[in-house]
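Student: Produce the entire structure from the sequences given, and follow the hints as far as they go.
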Amino acid sequence: MKATVHVTLKNGVLDPQGKAIEHTLSGLGFKGIGDVRQGKFIELDIAEKDKTKAREQVDAMCRQLLANTVIENYTIEIIE
Amino acid sequence: MKATVHVTLKNGVLDPQGKAIEHTLSGLGFKGIGDVRQGKFIELDIAEKDKTKAREQVDAMCRQLLANTVIENYTIEIIE
Amino acid sequence: MSKITPEIVAEHGLSKEEYQLVLQIMGREPNITELGIFSVMWSEHCSYKSSKKWLKTLPTEAPWVICGPGENAGIIDIGDGDAAIFKMESHNHPSYIEPYQGAATGVGGIMRDVFTMGARPIANLNALRFGRPEHPKTRHLVHGVVEGIGGYGNCMGVPTVGGECEFNKSYDGNILVNAMTVGLAKANNIFYCAAAGIGNPVVYVGSKTGRDGIHGATMASTEFTEDSEEKRPTVQVGDPFTEKLLLEACLELMQTDAIVAIQDMGAAGLTSSSFEMASSGGVGIDMNLDNVPQREQNMTAYEMMLSESQERMLMVLKPGKEDMARAIFEKWELDFAVIGTLTEPDADGNGHMVLYHKGEKVADLPINPLAHASPEYDRPWVPTPKRETLSPESVAAPTSIMGALKTMCGGANGSSRRWIWEQYDHMVMGDTVQRPGGDAAVVRVHGTQKALAMTSDVTPRYVFADPVMGGRQAVAETWRNLTATGARPLAITDNMNFGNPQRPEIMGQFVGAVEGIADACRALDYPVVSGNVSLYNETNGTGILPTPTIGGVGLIDDVSKTVGIGFGGVGQAIIIIGETHGHLGQSQYLMEIIGRDGLAMEDGAPPPVDLALERKNGDFVRGEIISGTISACHDVSDGGILVALAEMAMTANIGAKIEDVSGQLPLHAWGFGEDQARYIITTSNPEDVLERAEKSGVWATLVGTTGSGELTIGDEHSISVAELKNAHESWMPDFMSHPEAH
Amino acid sequence: MKACVIVFPASNCDRDMQVALERSTGKKVDMVWHRESDLSGYDLVAVPGGFSYGDYLRCGAMAARSPIMGAIKKHADRGGLLLGVCNGFQILTEAGLLPGVLMRNANLKFVCRDVELTVERNDTAFASGYTKGQKIRIPVAHHDGNYFTDDETLKRIEGNGQVAFRYVDNPNGSLNSIAGVYNERGNVLGLMPHPERLVDAQLGGTDGLPMFDALAKGAA
Ligand SMILES: Nc1ncnc2c1ncn2[C@@H]1O[C@H](COP(=O)(O)OP(=O)(O)O)[C@@H](O)[C@H]1O
Ligand SMILES: [Mg+2]
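Protein chains in written order, with numbering that gives the first Met the number 0: chain W, 0 to 79; chain F, 0 to 79; chain V, 0 to 741; chain L, 0 to 219.
By construction, these hints were calculated from the structure, which means they are not laboratory data. All residues carry an ideal CB built from backbone N, CA and C; glycine is no exception. Some hints here could point you the wrong way.
With the Cβ distance kept under 10 angstroms, some of the chain L side facing chain V (calculated, not the full set) [unchecked claim]:
no., residue
1, Trp-32
2, Phe-50
3, Val-110
4, His-141
Calculated cross-link-like contacts (lysine to aspartate or glutamate; reagent style EDC-like; alpha-carbon spacing at most 16 angstroms) [what the hints assert, rightly or not]:
no., chain 1, residue 1, chain 2, residue 2
5, W, Lys-30, F, Asp-34
6, W, Lys-30, F, Asp-58
7, W, Lys-9, F, Glu-47
8, V, Lys-405, V, Glu-722
9, F, Lys-9, F, Asp-34
10, L, Lys-26, L, Asp-212
11, V, Lys-330, L, Glu-35
12, F, Lys-39, W, Glu-71
13, L, Lys-108, V, Glu-421
14, F, Lys-30, W, Glu-47
15, W, Lys-30, F, Glu-55
16, V, Lys-55, V, Asp-518
17, W, Lys-30, F, Glu-47
18, V, Lys-656, V, Asp-596
19, V, Lys-168, V, Asp-596
Tutor: Okay, structure coming up:
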């Protein structure tokens with residue numbers, strides 16, 4: 000199975016990268032851009048065939064490694 | 000409008016971060032994990048009201064800044 | 000407006016008595032914004048309420064001290080119109096909760112303290128203490144903290160040149176992250192925080208304000224419990240990129256005459272910076288919070304006043320300088336906003352802080368009572384019971400001397416910290432003359448032949464066993480480390496990390512350590528110019544080992560004269576300066592080889608520190624370095640003579656043949672004893688050095704010669720330097736290579 | 000010989016580069032802010048190390064879109080000498096002035112230490128002070144120095160002799176241990192190690208000095 004994980008900063012947590020991107024985009028002449036936020040996107044293959052179990056497994060990975068739950072949220076999608 | 004951009008490494012491009020995640024996950028006892036790839040996920044607000052124009056604008060942002068098209072692919076979604 | 004209930008008061012960490020004082024000062028019930036301001040101003044972190052009484056006893060003066068404790072950082076005169084500005088600060092609790100961001104923002108905060116005063120930071124150091132290696136969280140914490148320190152310092156382009164890192168069970172639930180910054184300024188262009196000039200504009204610069212770390216300052220002042228993981232959203236995220244711009248913009252503005260006063264927004268952000276400026280200047284401030292640059296929508300006055308968003312500064316400008324200053328900050332792409340004006344004090348001489356938000360007056364607080372009448376406690380304390388001195392003979396010998404040496408050099412606490420400092424850019428700015436790995440780092444004063452030496456040290460197990468002696472020892476060790484590079488030690492900063500001060504035995508540790516530090520500072524002419532106190536380092540009632548980290552700074556007049564710790568070549572004579580008594584109580588040998596933890600009374604007293612002897616031996620060694628007669632120098636500390644010799648050998652990749660001069664002492668007590676005031680030097684001219692030592696009344700013993708690839712003692716004990724080095728270099732990378740979860 | 004150093008927001012090896020260039024050229028070296036647009040008076044342009052724009056998004060990405068980049072390209076096209084060190088190398092690859100990209104180090108850690116390099120060629124304005132095959136010791140200090148290109152590009156740059164320096168003991172996972180590359184014409188050099196950090200014996204070595212001396216002489 001394939002899983003994808005989106006890791007994003009929690010609301011209200013400063014996103015220096017997003018801020019810098021926003022700034023550079025307007026420097027490049029793009030108008031009307033607001034609130035740029037940068038997150039991570041992780042794709043992985045897992046051997047587990049059962050969708051529910053797969054999700055549980057990926058959830059554990061997120062909590063243990065992929066996301067920093069102090070400042071980040073994550074969402075999981077299981078594909079196939 | 001809201002736009003989201005996924006930036007991923009092209010096939011065949013080395014992904015040190017993905018590799019390291021894969022390695023650590025199996026070190027943590029997760030079994031059967033393969034081919035981890037890490038990409039970026041960027042969300043932004045744009046003033047443009049027209050969906051087609053909005054997409055064009057974001058596409059230009061990707062080509063000019065958000066992705067390095069030598070090694071990265073990108074996909075755009077316009078929401079609303 | 001919501002009523003202030005006892006629950007709300009308690010949530011703000013104010014005791015009933017403290018709240019009574021609030022009512023008395025206000026003459027009415029405060030609103031929530033006002034209460035929040037009281038709570039952060041009176042938190043342990045900002046008010047030093049438990050420690051003030053004792054800190055006042057530290058010596059803070061010397062002819063070369065330009066500014067002692069009280070400002071953002073301490074300042075010393077280093078000649079030629081130059082000044083060194085430095086301070087150490089803790090970010091312990093935040094780093095435990097989110098190690099990367101906690102450590103990063105700690106580094107960012109201490110750098111701001113230094114550049115607020117007009118200095119360009121030229122070096123960072125970090126003193127780290129983690130739980131035992133086997134603890135499930137340790138690896139994750141080490142990873143995050145080191146990465147966070149590097150992430151911030153590297154981006155700022157300030158070299159991280161030194162520090163310490165120790166593992167001990169007592170820090171399992173309470174790690175210590177102490178960061179120190181040293182900066183350089185011109186002595187005639189230093190900036191202070193006292194606001195002046197009624198009607199002058201109060202200006203906000205730097206990042207926007209968000210809801211970051213609200214109540215961070217009160218968090219740092221309460222004991223940890225299991226549920227404190229719930230307090231997580233108070234973690235701030237650092238933005239070193241913005242801080243680098245802020246640094247450059249501030250230094251640029253400081254080249255003009257526009258600034259009257261400047262203060263960084265650290266713990267308790269806008270509140271403490273504005274109150275400190277106003278109280279030191281004896282003025283009031285009218286502040287319009289609508290003008291505060293905000294990152295988030297609908298922020299309340301309470302949130303803005305308590306936010307700990309990073310990378311912000313508050314300034315008072317001379318009238319009419321706003322546009323010029325704005326242009327500089329805009330060039331550096333930073334926010335700039337006039338948010339207030341200085342006002343006259345009232346008839347009683349009290350300045351008022353009056354806050355407006357959305358057209359309403361939302362707070363009106365008298366400044367001095369908040370800033371100065373904050374509670375000061377004389378907390379009950381008991382002295383730490385004295386321990387017996389262990390006799391050298393009472394501590395068992397190892398099965399093999401060299402085996403023990405290898406174990407110590409390759410153990411959690413004796414191994415190389417290369418894994419850490421290779422993740423720090425320690426060379427940027429092009430003046431790092433001695434890189435990490437020696438006794439003290441040496442950083443040249445740009446464009447001159449002068450240099451500053453800097454180090455941080457403390458041996459917490461000594462402080463636990465005897466706070467007074469341990470306090471002395473920490474100061475003496477920094478003094479020795481500086482001396483070993485040829486520097487003249489000038490002043491220290493201290494970072495007092497202790498447990499819960501409401502427990503008399505912990506307070507006793509604090510009082511004892513302060514006494515010991517003060518003794519040493521006086522005897523060595525080595526005053527305290529800045530510092531920081533971190534209390535309540537305690538989890539579920541178990542405190543950390545008392546850890547008064549000392550950061551020392553010294554001056555080298557001619558950097559070409561400095562020496563390192565690596566043996567200075569082959570065929571050099573090795574001389575030990577200072578007498579060896581084989582003191583094994585509280586020694587690293589006792590911990591690592593005998594397996595004690597130092598807590599029991601039977602683990603003995605720490606080595607006594609004779610400050611007059613320290614001075615005599617150190618002055619002799621420094622004189623020899625400056626006159627160019629010796630080729631290497633290393634102080635003897637943890638692990639004694641043999642560990643010191645091993646470090647000198649490993650650094651140079653050169654062995655040595657050492658005579659067995661242990662005499663009446665058991666060899667292991669001679670080799671691993673931790674008697675103080677000792678150094679090991681190498682020279683090609685031993686006769687002269689010995690003669691001069693004798694004339695000066697300094698104990699000096701010729702013990703051997705450098706050469707070959709082996710470290711050999713007497714006829715029987717030998718180990719290859721390569722084998723030692725392999726053990727020394729591999730512990731930390733091996734330990735850290737295991738995958739970790741968070 | 001007129002040289003300048005470009006300064007981006009959060010460049011931080013700019014002064015180090017200026018010191019090294021001034022030491023070898025004996026002349027004042029200008030600092031040029033990234034908002035400028037003219038470099039016509041310079042023989043040598045140096046893009047220094049640091050963390051331009053915090054290394055956010057991708058290292059060098061935002062700096063590569065700065066106003067000054069047009070002038071830098073013009074300078075390179077004109078045959079002017081262009082040196083990018085560390086972040087400067089990342090910026091030049093992002094700007095398409097040099098082939099390849101610099102990815103996160105293979106072990107994901109920032110690395111600061113002296114490394115040994117082999118000088119791959121010495122027939123350029125940058126390397127004429129070295130001998131071919133010479134081993135030199137130069138510090139690295141980076142998080143993203145893992146040189147990567149597709150196979151075709153790799154073949155091409157190897158075939159053209161565009162590799163400038165190789166690591167003896169690869170610290171970051173770079174393909175073919177590549178530490179620095181030239182453009183085809185040889186007037187643009189990008190490298191991860193910092194030659195400007197070892198031009199002064201007091202700092203532990205002078206193996207970087209021949210590069211700056213050669214530049215000072217060559218472009219005189
Ligand atoms: N956290 C750290 N950051 C940077 N350098 C460190 C760190 N920990 C240790 N070091 C460096 O490693 C060397 C050995 O440290 P330590 O054993 O504490 O020295 P000493 O016993 O002489 O005080 C010193 O040069 C020190 O600066
Ligand atoms: Mg030492």
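Student: Between Lys-26 (chain L) and Asp-212 (chain L), is the straight-line Cα distance small enough, at 16 angstroms or below?
Tutor: The hint holds at about 12 angstroms.
Student: If you take the shortest Cβ to Cβ gap from His-141 (chain L) to chain V, is it below 10 angstroms?
Tutor: Given a least distance of 9 angstroms, the restraint on His-141 (chain L) holds.
Student: Are Lys-30 (chain W) and Asp-34 (chain F) close enough, with their CA atoms no more than 16 angstroms apart?
Tutor: The given pair, whose Cα atoms are some 38 angstroms apart, is violated under the 16 angstroms limit.
Student: For the pair supplied as a hint, Lys-30 (chain W) and Glu-47 (chain F), is the alpha-carbon distance within the 16 angstroms limit?
Tutor: holds, 9 angstroms
Student: Quick check on the hint: Trp-32 (chain L) CB to chain V CB, less than 10 angstroms?
Tutor: Since the shortest Cβ distance to chain V is 8 angstroms, the answer is holds.
Student: For Lys-656 (chain V) and Asp-596 (chain V), compute the direct alpha-carbon distance and say whether it is at most 16 angstroms.
Tutor: Given pair Lys-656 (chain V), Asp-596 (chain V) is violated - Cα atoms ~33 angstroms apart, limit 16 angstroms.
Student: Is the Cα-Cα distance between Lys-39 (chain F) and Glu-71 (chain W) 16 angstroms or less?
Tutor: holds, 14 angstroms
Student: Is Lys-9 (chain F) close enough to Asp-34 (chain F), meaning Cα to Cα at most 16 angstroms?
Tutor: holds, 13 angstroms
Student: Going straight from one Cα to the other, do Lys-108 (chain L) and Glu-421 (chain V) come out at no more than 16 angstroms?
Tutor: Given pair Lys-108 (chain L), Glu-421 (chain V) holds - Cα atoms ~9 angstroms apart, limit 16 angstroms.
Student: Keeping to a limit of 16 angstroms between CA atoms, is the pair of Lys-30 (chain W) and Asp-58 (chain F) held or broken?
Tutor: holds, 14 angstroms
Student: Are the Cα atoms of Lys-9 (chain W) and Glu-47 (chain F) separated by 16 angstroms or less?
Tutor: Not satisfied, since the Cα-Cα distance of roughly 26 angstroms exceeds 16 angstroms.
Student: For a C-alpha distance cap of 16 angstroms, please report whether Lys-55 (chain V) and Asp-518 (chain V) respect it.
Tutor: holds, 14 angstroms
Hints 5, 7 and 18 from the earlier list are contradicted by this structure; the remaining hints agree with it.
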